[in-house]
Amino acid sequence: MKHTITSRLLGLLAVGAMLTFSGCETATETRTVDAKGPDAINTSAINSQDWASAADGLINSLLSSNALNNAPHTPAILAVDRVINNTQMMVDTDLLIKKIRVALTNTGKIAITNTMGLGERAVVASEAAELDEMQSGKKAKILVPDYTLYAKLIQQTDKNGKMAQNTYSFQMSLVAVKTGLTVWEEEKQIAKQTKGAGAVGW
Amino acid sequence: MKTIPQSIRLAGGVLAVSLVLFASGCASNVNSYERAESQATPNVIADKRIITDNTLAGTIRVVSINQGTVSGNLIKIQATVENLRNSQRTVNYKFEWIDQDGMALDSANETWKTLPLQGRETTSISTVAISPRAVDFRLKFRE
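Order-wise, the sequence lines are chains X and Y.
According to the working numbering, the stretch in the first sequence is residues 1 to 202, in order.
According to the working numbering, the stretch in the second sequence is residues 1001 to 1143, in order.
These aren't lab readings, by the way, just hints derived from the structure by calculation.
One or more of the hints may lead you astray.
[Stated by the list, open to error] Simulated pairs of lysine-lysine, DSBU-like, Cα-Cα distance not exceeding 35 Å: (1) X/Lys162 to X/Lys195; (2) Y/Lys1113 to Y/Lys1140; (3) Y/Lys1094 to X/Lys195; (4) X/Lys192 to Y/Lys1094.
The shape of chain X in the complex, shown without the other chains:
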């Protein structure tokens, strides 16, 4: 009889231990979310929603300014100039620029040249133009851009006790090549406050 009670007690303990350990085990769960929505993980850095929001704000401002109405022809040729990253983060600035390029191309008012400017696109386009020249024996016609687009990312960090605020500024300018005049400029800011924050970046 005593043996039976001990066995039952041991059995119960074993079941309890199993439940305890299985409770500690966290199953990996992954779900697909809208990268441009509020379900994206929010951190003190620039997340996917922030990039989309900043790009959207800049596009809306550029199109609302009617700056492209004075373009010498349609579509106007645009070369993407440097994008300076003055944040503490190592980010691919195409996260911003690609969205701007896609939006401006979709409007039908802008055609983006790849034979000028910096980056891998310019290199590939230049090589393609050289190859075309070699094969055809004719000098490739390169369209001179009407506008250049310049952008800069800035991060400002402020701390007050355990509260840290990272303010990200997305600055963009559109310059008319012929006159050198800035025909549109905008700055969009996203400020993120984090309680008990550590450092952001590298």
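Once you've looked at the hints, dock chain Y against the given chain X.
For chain Y alone, kept in the frame of chain X given last:
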């Protein structure tokens, strides 16, 4: 005449001050002033509302929606929204675009945006269709 003990009076005073501070700390309503007779002539459009979340509809109200054209042939939509609550609320909104055939345009600028509103604040949200093919729009809100 029965006198109230000094300690109880002191406690009452502290409580009263705390209540005043608490109430003032919670108040974040916005007072607005504007021209009595507006000079603007907005092109206000009639809208259809589909409410599936009554709590959200009781928090934020779309006062009006007006439409304009920018950059020659691109539609710009601006909605005036009001926080119906007496405290700060944050909602998310998104504009979607539809072409002449009723097809949704997968625009690069269709993103959920976060909108913090102070108590009773009225503000404007706007977007520009990045495609000249856009003729209609849909404005969505979520908490």
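Hints and how they fare:
Among the hinted pairs, lysine 162 of chain X with lysine 195 of chain X is consistent with the structure: their alpha-carbon atoms are about 6 Å apart, no more than 35 Å. Only pairs whose Cα atoms come within 35 Å are accepted, and lysine 1113 of chain Y paired with lysine 1140 of chain Y is accepted, the gap being roughly 10 Å. Between lysine 1094 of chain Y and lysine 195 of chain X the alpha-carbon distance is near 28 Å, which keeps this suggested pair within the 35 Å criterion. The straight-line distance between the Cα atoms of lysine 192 of chain X and lysine 1094 of chain Y is roughly 21 Å, inside the 35 Å bound, and the hint therefore holds.
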